[in-house]
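Visitor: Reassemble the complex: the two chains are provided individually, in unrelated frames, and hints are given to aid placement.
Single-letter residue listing:
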Amino acid sequence: MWILLLVPFVGLLWVPFYNSLEPALFGFPFFYWYQLAWVPLSSLLIWLVYRSRAPDEAP
Amino acid sequence: MADRIDWIALAIFLFFFALVTVMGFFAARWKSGPVGAHLDQWGLGGRQFGTWITWFLLGGDFYTAYTVIAVPALVYAVGAYGFFALPYTIIVYPFVFAVMPLLWTTAHAHGYVTAADVVHGTYNSRGLEFAIAITGIVATMPYIALQLIGMGVVIKAMGLTGELPIVAAFIILALYTYSSGLRAPALIAFVKDIMIYIVVLVAVVVVPAKLGGYGAVFAAANEAFTVKGGDTGLILKPSQMLAYATLALGSALAAFMYPHTLTGIFASKSADTIRKNAVLLPAYTLLLGLIALLGYMAYAAHIKVSSPNDVVPVLFKVLFPSWFAGFAFSAIAIGALVPAAVMSIGAANLFTRNVWKSYIDPGISHAGEAAVAKIASLIVKLGALAFTLLLPTQYALDLQLLGGLWILQIFPALVFGLFTRWFRAEGLLLGWAAGILWGSWTAWSNGLKPLASISLGEGHYTFYVGLGALVLNVAVAAIGTVVLSRVSPDRRHSLTAPS
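Just so you know, the protein sequences line up as chains A and B, in that order.
Quick note: the first sequence uses this note's numbering, first residue 1, plus one each step.
Quick note: the second sequence uses this note's numbering, first residue 1001, plus one each step.
The set of hints was computed from the structure by calculation and includes no laboratory data.
Using N, Cα and C, we set each Cβ at its ideal position, and we do this for glycine too.
Among the hints, a few may not be true.
[Unchecked claim] Now the in silico label distances, taken between C-beta atoms and shown as ranges: (1) B/1306 with A/17: 33 to 39 Å; (2) B/1223 with A/53: 45 to 51 Å; (3) A/20 with B/1213: 17 to 23 Å.
Isolated chain B (complex conformation) (with noise of 0.2 Å):
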């Protein structure tokens, strides 16, 4: 790539990152509360986000910079298979609809700030609650690192080089999501979607126009793949078709179990704002799916890069003019803050309220809560550039794909809890270590592929690895009640009535 300066495309970017550091600390005093006073002023923003800030703020949080980068990217290497982001962001949303709602009444009801809260809530089990915890931190502190990956890769695109450029950017998103909480991204939000919502229609228009229409923009894209060979193409191959699928719905169950997501939820100001935006998130969809396409209309543009991840940055440089790629490169960067914050805020929330609160000072009071929380966040972003800074790429990539993994692994804990309360907690205890246990081995056995096979007669199937450990997770959990139900049919009392 490029090493000369790009001073047009710097200057944009300089002005819209300047513009969203002065958003983010006058945001402590939007829709105020006292930030310092309470953890769900602070960690949730005061639970009072309508439908459009929690649109803004969960499409920001849940379609990230990375996204926008390791999409097209995916799509530009191996074709249809990396469309799998597609209907796994389209499935999501029946599932939110119907399963988020309950969890925020559940919440809401008592004073609930994280996932682990209500697992403790509902099964009364420190250990199942630690589980929870410590499963949400691990899974999202490389998923922070990754969107570091995305700012750095545009920042590259500019011509920068080294590494200040990114630690400038992060210290600053530290600072202001220290002070002001969750407000910050919500409001950063606001201007980071409404960016990438222009760059992409415009993109979307612009470039086919530019390229021959989308005929030719395909018609390229089969051709490299015809000659590359391999895994690769426009439609699957057979073997790839149950891969697919169980890699969206995989994907889909996991995605409400991250740190971040459940956040956006917990913030939300009523139950209805929940199922309003599974009718409207959908529209994030939407531009994800052209922005997949970003992957293919790379071959029409005869662009050729080293590392597909700089694909999107080399696409814009090649075919608009620096002004526009200067926006389009604040708007991935941005995207990148908002996920972040939201990421570090949802582990500081964990971290204070099912290990600190219930290990270290359990009658600490609520400004003593929002007090740990915000020094936690900063420690989890500093641990999450550190990441980046020390170690080689790939290993953010394989621990966010771990991640994805692991997460998926709480979702019996926390979900199977809103709907029958015939588990048991020891059994979903057993249930998560085996899922994580086996996933993580299956992975790490087949080099960090998220794919696993297995032979039944002459049949051979390749599925996604963490849906495979979500099946074992939920049959140990449920042998594990039944042996225990046996053995002691007394069970500790849930803090919390059946609903």
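Same shape as in the complex, but just chain A (with noise of 0.2 Å):
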């Protein structure tokens, strides 16, 4: 499961990927749109990681 912490690095350090204005979306640029869908899939994925793992020892 930890992979998926690699997944946000990926898709938004590979500019050129999303480097364009089309397909927009409500008069958002792809560019931008794109980067600003990261945030809460970023979450997300943070999230399965957490869900995933076992919880800390008891203190």
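Guide: Structural data, given as structure tokens:
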């Protein structure tokens, strides 16, 4: 599951993939809504990893 | 900008400023513990902040007032390139999730207060500890100065001139930080963040509605960039793509090396608090992405400013009634107080634990540590104030840029030790020095731009200097470790057991 943490790095650091105006969404060029979409997506991925891990030992 | 004083905006501003001042002094008794008896109390708020307090504190601390001013200013000036703040503040959280709970666990088990404490515990090297502490203190000072500059921009927008208002605001801040420690910014962060959320949510709904929708906003910006030419535009030029990605990555790795963000980490109640925050903090990033778009909205609103830093205040003054502009300016100014307070506390903790205790008074008591840190926080803030008043704004901007590059160089010493004990302190110290020297020299010779270029065969690559310096840093540290292991296989024992 920890591999999921690397996904946002790939999605956002491979800039040529999203450096374009089209397809636009609600007036937002692709470059902008693609990156904004990664915000909830990253949260979700981190949450999935959080859910999957064993809880800390009781202190 | 208008010189007339906007009384309605000013009255609202003064109301909120008075409110947070009262809260700042009251904070000493909030979640109470004896603030003066132990540095854990003054400098880390008692190490008891749960998920929500940590969320507000880290959010208030990381997304600073200066961000609200500078990110839209950069987007206004150059377009897409200014958006690197968005990927930067997204990819920082997987990193926080994976690394910061380990750091917290180490710090908690041994009572460490600073990054330099952790490094000293891991490598038992006074030299490396000192390097980490000094880097943290030096990198933080211009960052505090920038918060003051951000506050100055909104005070100016309300028509107040001269330096007296900012000096007064800062003295008040210094006094309640002195008396309440980290509890003051933690409590004020609630007010600040709620205000900022309201301002931004209103702005991103109302402003495009007034200007004809987001399509019109982007179209207006595109038109302006076409006229302007050069390396501007709604998407990146091919030559900017590597710079964009390396700036995002380098900034993300540097973000939680700063004393103020680490203070937020060490002050939290548990490792799980930090993990939950890695899931929840991106809400602020969404906000930041929307704030950045204010830079484009300025074009749609036909705003012309001489300094890009005035974009946000002028936009609010033009598009909103005085009372809401006053509310927005208060949010930004209070947004400067929270990080400025945490930064001065983080720097004061470093000074106390890793300079004063290590070199001047090793036998210092817990109460003594708290007393030294309180005084140090005053000195750090006065230094930043003098910086802002006496030197041109550009110096603070340039030094903040170098500060990001410098703070990134403590990454190997602080983070690698959480996963492996292979590196040797001497190697890490050499790597740190190489990264700082090469990075500073390269930035300096490029006229203090954060980018460096190399040519490989046909290709010409432009990238973030800080990340280049980090690569050099790691390489030197690895080579140093290998050579040293050959020369003297015996290593000093670390003070902590390997985890």
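Visitor: Against each hint, give a clear statement of whether it holds in the structure.
Guide: For each hint, the structure was consulted:
no.	hint	verdict
1	B/1306 with A/17: 33 to 39 Å	holds, 37 Å
2	B/1223 with A/53: 45 to 51 Å	holds, 50 Å
3	A/20 with B/1213: 17 to 23 Å	holds, 21 Å
Of the numbered hints given earlier, the model fails none.
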